[in-house]
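Q: Assemble the whole structure, with the sequences as input and the hints as a guide.
4 protein chains.
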Amino acid sequence: MRIIGIAGSLREKSFNRVLLRHAVNYLPDNSSLEIFDLRRIPLYNEDIIQTALPDSVICFRDEINDSDAILIASPEYNYSITGVLKNALDWATTNTLGNLLVRKPIAIMGASIGAWGTTRSQLHLRQVLHAANAKVIARPEIYISNAKSVFDENGFLSDEKILKRMRDLMQALCN
Amino acid sequence: MRIIGIAGSLREKSFNRVLLRHAVNYLPDNSSLEIFDLRRIPLYNEDIIQTALPDSVICFRDEINDSDAILIASPEYNYSITGVLKNALDWATTNTLGNLLVRKPIAIMGASIGAWGTTRSQLHLRQVLHAANAKVIARPEIYISNAKSVFDENGFLSDEKILKRMRDLMQALCN
Amino acid sequence: MRIIGIAGSLREKSFNRVLLRHAVNYLPDNSSLEIFDLRRIPLYNEDIIQTALPDSVICFRDEINDSDAILIASPEYNYSITGVLKNALDWATTNTLGNLLVRKPIAIMGASIGAWGTTRSQLHLRQVLHAANAKVIARPEIYISNAKSVFDENGFLSDEKILKRMRDLMQALCN
Amino acid sequence: MRIIGIAGSLREKSFNRVLLRHAVNYLPDNSSLEIFDLRRIPLYNEDIIQTALPDSVICFRDEINDSDAILIASPEYNYSITGVLKNALDWATTNTLGNLLVRKPIAIMGASIGAWGTTRSQLHLRQVLHAANAKVIARPEIYISNAKSVFDENGFLSDEKILKRMRDLMQALCN
Numbered sequence: 014m015r016i017i018g019i020a021g022s023l024r025e026k027s028f029n030r031v032l033l034r035h036a037v038n039y040l041p042d043n044s045s046l047e048i049f050d051l052r053r054i055p056l057y058n059e060d061i062i063q064t065a066l067p068d069s070v071i072c073f074r075d076e077i078n079d080s081d082a083i084l085i086a087s088p089e090y091n092y093s094i095t096g097v098l099k100n101a102l103d104w105a106t107t108n109t110l111g112n113l114l115v116r117k118p119i120a121i122m123g124a125s126i127g128a129w130g131t132t133r134s135q136l137h138l139r140q141v142l143h144a145a146n147a148k149v150i151a152r153p154e155i156y157i158s159n160a161k162s163v164f165d166e167n168g169f170l171s172d173e174k175i176l177k178r179m180r181d182l183m184q185a186l187c188n
Numbered sequence: 014m015r016i017i018g019i020a021g022s023l024r025e026k027s028f029n030r031v032l033l034r035h036a037v038n039y040l041p042d043n044s045s046l047e048i049f050d051l052r053r054i055p056l057y058n059e060d061i062i063q064t065a066l067p068d069s070v071i072c073f074r075d076e077i078n079d080s081d082a083i084l085i086a087s088p089e090y091n092y093s094i095t096g097v098l099k100n101a102l103d104w105a106t107t108n109t110l111g112n113l114l115v116r117k118p119i120a121i122m123g124a125s126i127g128a129w130g131t132t133r134s135q136l137h138l139r140q141v142l143h144a145a146n147a148k149v150i151a152r153p154e155i156y157i158s159n160a161k162s163v164f165d166e167n168g169f170l171s172d173e174k175i176l177k178r179m180r181d182l183m184q185a186l187c188n
Numbered sequence: 014m015r016i017i018g019i020a021g022s023l024r025e026k027s028f029n030r031v032l033l034r035h036a037v038n039y040l041p042d043n044s045s046l047e048i049f050d051l052r053r054i055p056l057y058n059e060d061i062i063q064t065a066l067p068d069s070v071i072c073f074r075d076e077i078n079d080s081d082a083i084l085i086a087s088p089e090y091n092y093s094i095t096g097v098l099k100n101a102l103d104w105a106t107t108n109t110l111g112n113l114l115v116r117k118p119i120a121i122m123g124a125s126i127g128a129w130g131t132t133r134s135q136l137h138l139r140q141v142l143h144a145a146n147a148k149v150i151a152r153p154e155i156y157i158s159n160a161k162s163v164f165d166e167n168g169f170l171s172d173e174k175i176l177k178r179m180r181d182l183m184q185a186l187c188n
Numbered sequence: 014m015r016i017i018g019i020a021g022s023l024r025e026k027s028f029n030r031v032l033l034r035h036a037v038n039y040l041p042d043n044s045s046l047e048i049f050d051l052r053r054i055p056l057y058n059e060d061i062i063q064t065a066l067p068d069s070v071i072c073f074r075d076e077i078n079d080s081d082a083i084l085i086a087s088p089e090y091n092y093s094i095t096g097v098l099k100n101a102l103d104w105a106t107t108n109t110l111g112n113l114l115v116r117k118p119i120a121i122m123g124a125s126i127g128a129w130g131t132t133r134s135q136l137h138l139r140q141v142l143h144a145a146n147a148k149v150i151a152r153p154e155i156y157i158s159n160a161k162s163v164f165d166e167n168g169f170l171s172d173e174k175i176l177k178r179m180r181d182l183m184q185a186l187c188n
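Protein chains in written order, with the numbering used here: chain H, 14 to 188; chain Z, 14 to 188; chain S, 14 to 188; chain D, 14 to 188.
These are computed hints drawn from the structure, not numbers from a lab.
None of these values were measured; they are calculated from a predicted model.
Mixed in with the good hints, there may be bad ones.
Same chains, same label: a pair holds when it works inside one copy or across any pair of copies.
As the list claims (entries may be wrong) - In silico lysine-lysine, DSS-like type, Cα no more than 30 Å apart, as pairs: (1) Lys177 / Lys26; (2) Lys161 / Lys26; (3) Lys177 / Lys161; (4) Lys148 / Lys177; (5) Lys148 / Lys174.
A: Written out as C-alpha cells, the structure is:
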C-alpha cells in the first residue's frame with residue numbers, strides 16, 4: 014500500500030507537514046507513506062499543458078497515479094484550504110490530462126494555531142474532493158486547534174487522543 | 014476610482030479574462046479598470062516572506078493597496094474557485110504582511126462552459142472574501158453558463174441581459 | 014431492500030415528490046420504495062423528547078431504522094435545502110435519541126424551476142449528511158433545472174438522460 | 014430601532030436563547046429587542062399559503078416587516094443551522110408572499126456545547142442570508158464554544174471578551 018502525503022503549507026516548519034510525518038508511525042503493515050513536496054508545482058495553466066508540461070507536474074501526477082491512497086494535511090486560510098493545495102488538486106483533476114482522483118482513497122486532517130482547528134477548511138476540502146469523485150474517508154475526523162501548545166518545541170505531538178485518532182484514520186485509509 | 018481586475022484562470026483565451034475586458038465598457042465616469050496578471054505570482058510560502066519577498070508579490074500587493082475596488086472573474090474547478098485565485102487571495106490577506114482586503118469593495122462574476130455557471134464557486138468565493146472581511150457587492154449576481162455559445166468566436170459577448178447586469182454590477186461597485 | 018423516500022417539499026404537486034415517484038420505476042429487483050410524508054413531523058424541540066415524544070416522530074424514526082437505504086429529493090430554498098428537510102434530518106440524528114443515519118446508504122437528487130438545478134443545496138446536503146456520518150452515494154449526481162419544461166402537465170418526466178441517471182442512482186444505492 | 018431576536022433552538026433553556034437575552038443589555042439608546050418564539054411556526058408548505066395561511070406565520074412576517082433589524086442566535090446541528098431556523102427563514106423569504114429580508118440588517122452569533130463554537134453553521138447561515146439578499150453584519154463574529162462552562166448555572170454569561178463583542182455587534186447592527 015503506497016500512500017502519498019500532501020501538505021497544504023509550504024512552510025518548512027509547518028504543523029501540517031509535521032502532522033504528516035507523525036502519521037508514518039501509524040501506518041499499517043505493508044504500507045509506506047512518502048511526502049510529496051508541492052514547492053515546484055507551478056500555477057495551473059491550461060495553455061502550458063499544450064506547449065510544455067513541466068516535469069514537476071508530470072512527476073506529481075505520476076506519483077498520484079502510482080499511489081494507492083493519499084493523505085492530506087492542510088492549514089486553514091480564509092476559512093478554506095490553501096491556494097497551494099487547491100492548485101495541486103486542480104493539476105491532479107484537470108479534464109485535459111485526466112482526473113486522477115476518481116475513486117482514490119483520501120484521508121484528511123488539519124492543524125491550526127487558532128481555536129477552530131481547520132473545521133471550516135476541511136468542510137470545504139470534502140466538497141472539492143467530492144467534486145473530484147474521490148473516495149474520502151469519513152471518520153475519524155482530525156481537527157487540531159491551538160497547534161502551538163499541542164506540538165512541543167521539537168514539533169513532537171504527544172496528545173494521546175489525537176494520536177489514537179491518527180492510528181484509526183490510517184487504518185481506515187488502508188482498508 | 015481605480016479598479017483592479019483579477020481572473021481566476023491563466024489561460025490566454027479564458028472566458029473569464031474576456032469577461033473582465035467587457036467590464037471596461039461599463040465603467041462609470043472617472044473610473045478605470047486594469048487587469049492584473051497572476052501569472053508571475055509564486056505559490057504562497059511564508060518562509061520566503063522572511064527571506065526574499067518576490068517583486069511580483071510586492072507589485073501585486075501594491076496594486077491592491079492603491080486600488081479603490083477589485084473585480085474578480087473566475088471559472089469553477091471542482092465546485093470551487095481555482096487554486097490560482099485562492100493563492101493570490103492568500104498573498105493579499107496574509108497576517109504576516111497585513112490583510113489588504115479589509116473593507117475593500119469587491120465585485121464577482123464567473124463564466125463556465127458547463128451548465129451551472131460557476132454558482133458553486135461563487136458561493137465559496139463569497140465565504141473566502143467574508144473571511145478576509147472584504148466588502149463584497151451582493152447584487153447583481155452574474156453566472157454565465159454554456160460560455161462557448163454565449164461568447165462568439167472573437168470572444169464577443171452580446172447577450173443583453175448579461176451586459177445589463179454587468180453595467181449594474183460596475184455601478185454598484187463604484188458607489 | 015427497503016428504501017424510504019423523503020421529499021424536501023410538502024407541496025402536493027412538488028416536482029421533487031414526483032421525482033421520488035418516478036424512481037419507483039427504476040428499482041432493482043427485490044427492493045421497494047415507500048415515500049414518507051414529513052407533513053406531521055413537528056419542529057425539532059429537545060424539551061418534548063423528555064416529556065412526550067410525538068407519534069409522528071416515533072414513526073419516522075422507526076421507518077428510518079427499519080429501512081436499508083434512503084432516497085432524498087429536495088428543492089432549493091435560499092441556496093440550501095428546505096427547513097422541512099433539515100428539520101427531519103435533525104430528528105433523525107439527535108444525540109438524545111441516537112443518530113440513525115450512521116453508515117446509512119443515502120442517495121440524493123433535486124429539481125428546481127430555475128436554471129441552477131439545486132446544485133447549491135445538494136452541495137450543502139452532502140455536508141449535512143457527512144456530518145451525520147451517512148454513506149452518501151457519490152455518483153451519479155442528478156440536478157434538474159427548468160422543471161416546468163422538463164416535467165409535462167401530468168408530472169410525467171420523459172427526458173432519457175435524466176431517467177438513465179435515475180436508474181444508475183438506484184442501482185448504486187442498492188449495491 | 015426595533016430589533017427582533019430569533020433563536021434557532023426551541024429548548025426552554027437553550028444557550029442561544031440566553032444569548033439573545035444577554036444582548037438586551039448591550040442595546041444602544043433608543044432601541045429595543047423583542048425575542049420572537051418560533052414554536053408555533055408550522056412547517057413551510059406552499060399549499061397552505063393558497064388555502065389558509067396560519068396566524069402564527071402572518072404574525073411572524075408582520076414582526077419582521079415592522080422591525081428595523083434582526084438578531085439571530087443558533088446552535089449547530091449537523092454542521093449547519095437548525096431546521097427550525099431554516100424553516101422560519103423559508104417563511105420569511107418565500108417568493109409567493111414576498112421576501113422580507115431584502116437589505117434587512119441582520120446580526121448573527123452562536124453557542125455550542127462542543128469545541129467548535131458554531132463556526133460551520135454560521136458559515137452556512139451567511140450563505141443563506143446572502144441568498145435572501147439580507148444585509149448581514151460582517152464583524153464582529155461571535156462563536157461561543159464549550160457553552161456549559163461559559164454560562165454559569167443560572168445561565169449567566171460573564172466572559173468579558175464575549176460581552177465586549179456582543180456590545181460591538183449590537184452597535185454595528187444599529188448603525
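Q: Does each hint hold? Answer for all of them.
A: Hints versus structure:
{"no.": "1", "hint": "Lys177 / Lys26", "verdict": "within (23 Å within a copy, 35 Å between copies)"}
{"no.": "2", "hint": "Lys161 / Lys26", "verdict": "within (12 Å within a copy, 36 Å between copies)"}
{"no.": "3", "hint": "Lys177 / Lys161", "verdict": "both (20 Å within a copy, 26 Å between copies)"}
{"no.": "4", "hint": "Lys148 / Lys177", "verdict": "both (22 Å within a copy, 23 Å between copies)"}
{"no.": "5", "hint": "Lys148 / Lys174", "verdict": "both (25 Å within a copy, 25 Å between copies)"}
Every hint from the earlier list agrees with this structure, and none is contradicted.
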